[in-house]
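Undergrad: Those protein sequences? They're chains A and B, same order as listed.
Its first residue numbered 1, the first sequence is counted upward by one per residue in this note's numbering.
Its first residue numbered 1, the second sequence is counted upward by one per residue in this note's numbering.
A portion of the hints provided could be inaccurate.
Quick list of in silico lysine to aspartate or glutamate cross-link-like pairs, EDC-like style, CA-CA up to 20 angstroms [claimed, not checked]: (1) B/Lys11 - B/Asp193; (2) B/Lys164 - B/Asp194; (3) B/Lys164 - A/Asp122; (4) B/Lys164 - B/Asp123; (5) B/Lys272 - B/Asp194; (6) A/Lys54 - B/Glu250; (7) B/Lys164 - B/Glu313; (8) A/Lys54 - B/Asp247.
Think of the hints as simulated: they come from the structure by calculation, not from any bench.
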Amino acid sequence: MASAADATSDEELVTRFPGFPVDFDSAAHYRGRLTRRLLVNRCDACGIWHQPPKPVCPACWSSAVEARRVSGAGTVHLVVFLHQGPPATGVDYATPYPVVTVELDEQPGLRLTSTIVGSRNDAIVIGRRVTLDWIERDGTPLPVFRLVDQQPRSTDTAGDAGAAR
Amino acid sequence: MISARNPMKDKVAIAGAATTGFTPHNSGRSQASFVAEASIRVLHECGLTAADVDGICGSTPSAASVQKMLGIPDVTWFANPSIPFVNHLAAAASAVHSGLCETVLVYHGAYRLPWNTASSLRDPFRRRSTMGLGLGGPGPETIAGAVGYTAWASRYMHEHGVPKEHFGLVAINDRTNAAQNPAAAMREPITMDDYLTARMIRWPLCLFDMDVPVDGADAFVVTTAERARDLPHPPVLVHAAALGMIDLNEEDQTPGLGRHGQHVTVEALKAKSDFWIDDIDVYFPYDGFTIITLNWFENAGFCGPGEAGAFIEEHWDAASNRILINGRIPVNPHGGSLSEGATQGSGHVREAVHQLQGLAGSRQVPHARRALVTAGGFFFNAQGVTLRRD
Ligand SMILES: [Zn+2]
Numbered sequence: 001m002a003s004a005a006d007a008t009s010d011e012e013l014v015t016r017f018p019g020f021p022v023d024f025d026s027a028a029h030y031r032g033r034l035t036r037r038l039l040v041n042r043c044d045a046c047g048i049w050h051q052p053p054k055p056v057c058p059a060c061w062s063s064a065v066e067a068r069r070v071s072g073a074g075t076v077h078l079v080v081f082l083h084q085g086p087p088a089t090g091v092d093y094a095t096p097y098p099v100v101t102v103e104l105d106e107q108p109g110l111r112l113t114s115t116i117v118g119s120r121n122d123a124i125v126i127g128r129r130v131t132l133d134w135i136e137r138d139g140t141p142l143p144v145f146r147l148v149d150q151q152p153r154s155t156d157t158a159g160d161a162g163a164a165r
Numbered sequence: 001m002i003s004a005r006n007p008m009k010d011k012v013a014i015a016g017a018a019t020t021g022f023t024p025h026n027s028g029r030s031q032a033s034f035v036a037e038a039s040i041r042v043l044h045e046c047g048l049t050a051a052d053v054d055g056i057c058g059s060t061p062s063a064a065s066v067q068k069m070l071g072i073p074d075v076t077w078f079a080n081p082s083i084p085f086v087n088h089l090a091a092a093a094s095a096v097h098s099g100l101c102e103t104v105l106v107y108h109g110a111y112r113l114p115w116n117t118a119s120s121l122r123d124p125f126r127r128r129s130t131m132g133l134g135l136g137g138p139g140p141e142t143i144a145g146a147v148g149y150t151a152w153a154s155r156y157m158h159e160h161g162v163p164k165e166h167f168g169l170v171a172i173n174d175r176t177n178a179a180q181n182p183a184a185a186m187r188e189p190i191t192m193d194d195y196l197t198a199r200m201i202r203w204p205l206c207l208f209d210m211d212v213p214v215d216g217a218d219a220f221v222v223t224t225a226e227r228a229r230d231l232p233h234p235p236v237l238v239h240a241a242a243l244g245m246i247d248l249n250e251e252d253q254t255p256g257l258g259r260h261g262q263h264v265t266v267e268a269l270k271a272k273s274d275f276w277i278d279d280i281d282v283y284f285p286y287d288g289f290t291i292i293t294l295n296w297f298e299n300a301g302f303c304g305p306g307e308a309g310a311f312i313e314e315h316w317d318a319a320s321n322r323i324l325i326n327g328r329i330p331v332n333p334h335g336g337s338l339s340e341g342a343t344q345g346s347g348h349v350r351e352a353v354h355q356l357q358g359l360a361g362s363r364q365v366p367h368a369r370r371a372l373v374t375a376g377g378f379f380f381n382a383q384g385v386t387l388r389r390d
């Protein structure tokens, strides 16, 4: 499907994502971000997804890998709250900044790391269900997550220590 | 696939090890100057000259820079491996064993860099020397690099329901040990209260969970066991080494705490080595982050998953305020990365060598003959080496 983003030159793509690993293998993913489509590589031969983008399918070595749209729905797998970190527009570490790795529903072990918006930090725990959302940073879309359930899944929260966030 | 082949076993030796000592402040010196100091010291101690060296191995500065800096006339092999430091030792030992060279100067310079200390960012020489390294990155929404260990620490606490005190014991053990090490950067003891109230850096890990950025260097002479026997210090034999890695080795894609580079390292070392944890006199689990050390205890086989903290409590020597496994085996007696300084494993190997040579001073483990070093973390940097006195 052709779109304005697909016409974005390599030169402009690199300019829009300073510091990101934009190259031949990941360009489709970053072009997708420009139109708020979250694209992840999937193998046309065997159907396995992989992340981050690689030039061949690690499972079957086919080079027929395509950046395909994922729903962005998933489950929080890892949580960090940054009390300090790299400077970024709109990020104030005075409130510890959440960084989460989310296991996407498309495939067990397929994960994407970003932040969570719209929630208090004490609600962000491993096991929470999330959905995809987008914010803008310095004029470029950034995929982020938003909590969906009111309560964590009871089987997946044992032992989470919530102190000192 | 994990092979038990190990034709290099006990054929290559570490003939000597030396350090500059480490400072947690910007020293006003270059990284090269520390590498030069440690290298000259170890060559002197081994009774060698520049002309005896025919191999050079280290990360920064490059082998070519070190050769010209020290006027080493001819080398037939060199390498610039990435950290942690078992990589350098394994590369040098392989080169000696294969005959690419005979005597390797192996070095590691630890240096405070702009990506991990704010004061280094303000130092124009340090800023210039690492342009593009970790600066101008993609922003905070990533767990690549150091943040990855913090992220998996959250998972470890979630899966096993363990308290932060378990992490704190690792930090306290290191600090107690560092008090006996004149080379260490941080020698003031800490209490559990100090640990629990320390500044949070990235929840769930605080300042004392993270290694101390330092200036300083270690250097080693690696040569044939035969040649080492003619040099002044007792040879320390490289018994088995492994660099373990799995395919899903990105920080956020690695399958889980039950399967990562440490597991491969342990399986390979156990296959290649004639001895394991029941036969060692001193243990060096990497401690760049406390979570790494807890995982090494579990994966090396001292205890089961999630049990490292309880294991440490059980083997805690209250009198000396540190770990003594079975009342006998100290853990990182030099203070490790958390207290000697962030040496990326060179400090662990250096202390292992000194312990096995009987040169560890007030830290000496009586009659130490075998050591295990398990360096590095989970993803693309888990490594290990078993060392024994000749
Ligand atoms: Zn495939």
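Undergrad: Each hint: holds or not?
TA: Hint-by-hint comparison with the structure:
{"no.": "1", "hint": "B/Lys11 - B/Asp193", "in the structure": "48 angstroms, violated"}
{"no.": "2", "hint": "B/Lys164 - B/Asp194", "in the structure": "12 angstroms, holds"}
{"no.": "3", "hint": "B/Lys164 - A/Asp122", "in the structure": "17 angstroms, holds"}
{"no.": "4", "hint": "B/Lys164 - B/Asp123", "in the structure": "35 angstroms, violated"}
{"no.": "5", "hint": "B/Lys272 - B/Asp194", "in the structure": "41 angstroms, violated"}
{"no.": "6", "hint": "A/Lys54 - B/Glu250", "in the structure": "12 angstroms, holds"}
{"no.": "7", "hint": "B/Lys164 - B/Glu313", "in the structure": "13 angstroms, holds"}
{"no.": "8", "hint": "A/Lys54 - B/Asp247", "in the structure": "13 angstroms, holds"}
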